[in-house]
Amino acid sequence: MSTLHTVNKSPFGDGALKSCLEHCKPGDGVLLIEDGVYGALSGSTIAADVTARSADVAFYRLDGDSKARGLPADKLLGDVKAVGYDGFVDLVAEFDCTQSWL
Amino acid sequence: MSTLHTVNKSPFGDGALKSCLEHCKPGDGVLLIEDGVYGALSGSTIAADVTARSADVAFYRLDGDSKARGLPADKLLGDVKAVGYDGFVDLVAEFDCTQSWL
Amino acid sequence: MSDTKKFLYVNRKAPYGTIYALESLEVVLIAAAFDQDVSLAFLDDGVFQLTKGQDTDGIGVKNFSPTFRALGDYEVTKLYVEKESLDERGLEPSDLQEIMWEDEDDDWEEKPSIRIVSRSEMADIMSDQDVVLSF
Amino acid sequence: MSDTKKFLYVNRKAPYGTIYALESLEVVLIAAAFDQDVSLAFLDDGVFQLTKGQDTDGIGVKNFSPTFRALGDYEVTKLYVEKESLDERGLEPSDLQEIMWEDEDDDWEEKPSIRIVSRSEMADIMSDQDVVLSF
Amino acid sequence: MKFGIVVSEGPYTHQAADTAYHFAKAALDKGHTVPRVFFYHDGVNVSTNLSVPPQDERHIQKNWTALAQDNDIDLVVCIAAAQRRGILDENEAKRQGKDAANLAEGFRISGLGQLIEMGIEYDRMVMFGD
Amino acid sequence: MKFGIVVSEGPYTHQAADTAYHFAKAALDKGHTVPRVFFYHDGVNVSTNLSVPPQDERHIQKNWTALAQDNDIDLVVCIAAAQRRGILDENEAKRQGKDAANLAEGFRISGLGQLIEMGIEYDRMVMFGD
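Chains as they are written, first to last, in our numbering: chain A, 2 to 103; chain B, 2 to 103; chain C, 396 to 530; chain D, 396 to 530; chain E, 4 to 133; chain F, 4 to 133.
Read the hints as simulated data drawn from the structure, not as lab findings. One thing to keep in mind: the hints can contain errors.
Unchecked claim - Pairs of lysine to any residue, SDA-like flavour, derived with a Cα cap of 25 Å:
#1 K76(B) - V456(C)
#2 K76(A) - K400(D)
#3 K65(E) - Y475(C)
#4 K76(B) - S489(C)
#5 K457(D) - Q58(F)
#6 K97(E) - K97(F)
#7 K401(C) - G30(A)
#8 K28(E) - E95(E)
#9 K473(C) - Q431(C)
#10 K26(A) - S489(C)
#11 K26(B) - V84(B)
#12 K400(D) - A94(B)
#13 K101(F) - K28(E)
#14 K76(B) - Q431(C)
#15 K33(F) - M2(A)
#16 K68(A) - Q492(D)
#17 K400(C) - P27(A)
#18 K82(B) - D450(C)
#19 K19(A) - G485(D)
#20 K68(A) - V84(A)
#21 K447(D) - A427(D)
#22 K101(E) - A103(F)
Using the sequences provided together with the hints, build the complete structure.
So this is what it looks like as structure tokens:
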């Protein structure tokens, strides 16, 4: 069983991403959506936590949400792969279960 | 000029209380309301931050909100004084300005 | 696939400040009628939902915490509470209300529904579900 | 008391995920007509409101970031941005859009509206207001 | 003193509208005045007259309407925020070609200028939100 | 695959209803089915037919109604959540003695059992909220 976790809130004001990182399992995926895409910012206070899990968890971010917020690719962690809404659908299909960190 | 700061969110999932503590000035007041009353829990990860500001900032919590959440007085920081809605009104009148940390 | 799915209801929010805790409980009560394998997870601020001694008279909002004690009658008997979440908040298991269920396979013995688990056990529980609903 | 009050509009939330940033800006645009002393504070996730290059085509939501550049025409010229909030997010002042106003007392010279301040300066600004509205 | 109150979140979902109500009542009890309450963001949803909460729950809209009538409080709902969220008075409903209006008694729809006026004219402003 | 979608926050205030919409469209484009979308918590506010957003903004309710009609999606609004928040269909309005109903075309009001059914019958469930 593998799970796709979605996180939709900024990790700087809210604990959802941090809690997700502490609960996801090797082989799981974490998809950053909406304000969650700020979690992909390199050089931020959350970047080390994300990078630390990148070895055994796959990270994704919605590209539309990243562009809406003016986050250029060179400011974002390379380990966090950009996907569109179609990629989001593929990820939900690919993983056995989806858990939203609301 | 003195300010009454109100904080209405739990400090464990949200950064409002922490940001408030970093921005309030000596002589200000901080009133914990709604889910903000959890910020008065002693023995918690936020307690030291609250205690550190208790020397120059006055802390209050809404008593109705504390009781609603089942927080007994002996679990709460003594530095955080219980007030009712009437005490809330007095505090707003007493301080020159009110700032809500929404 | 068997006819029964594993449903996990994840509670990460405190009660009363927002309605999610109450409306989550409303879902669980309905879900109980569907004969699925139901578990509830309480972590982060969700552990605050289970504190004992809640008294909402002062805020004019309905106290729904007694409803948790009725869950056993609905055969909802697995309430997982994360220990680290309690610790971070200065709470102990004894600060939570007692919630019991009667085990019909064990001469109707009363057993506690709240099971304190570690963060790592919570992660295992989360990963072992068919459907995860978050509130 | 003078006829003019000091109003501070505090922005602590990111744009688009929630509507607060947009509806805060709508208040400021109306407020500009009232001849008060208006300042805007951007701290915590509020600094994200001012990033340059926002392009919302992919999410089907209106991009309101160009409106910040019109604030100068409304004589809203004090946009305080907290340096520590930028640092924590891995942002630099150059990641924010350029927002200018024309100083009529200085031969209409163009001056930047965004003023980067320290956390301690932000605390001073907050404490020196008559009315603080939070979004 | 004159207290201005702002409610920024919707009823039942957030406690904001409840706390604001208890605060307003306490202020009035202490002899202060609350000339106006401004409903913004999802706060506009407090003003729907179609809410039917469970019998054993408080009725947030009716509480506000009663408090306003007893104490001459001006309950103002922001027009821009209300239109987005589907709160209309009779006039707006007609103007927009809608069959129904849902603004409760005691509330009126107006512009954001009413909020700024509060800040200028009142002694204190208190915001309740999320 | 059969995808079940839950929308837990209100329109415009949170992006949830938008993201859910784009996700549903993408799923359908890829040949999956979205038999039902369930609106819970403030998500029920998506279904009001009284929303009048600015002309240059998306119309979230109309987008959902159109998507549902084109793809035979069952848009279900939770009755308990809807009643608290003032969303009523014609029947409920009559039963509650209200003059107006505000449930938009393409949506229907039903119970929480519809949500559990989705979890049981569909291959995947995705929640959008706050």
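Are there hints from earlier that the structure breaks, and if so, what are their numbers? Result: hints 2, 3, 8, 10, 13, 14 break, sorted rising.
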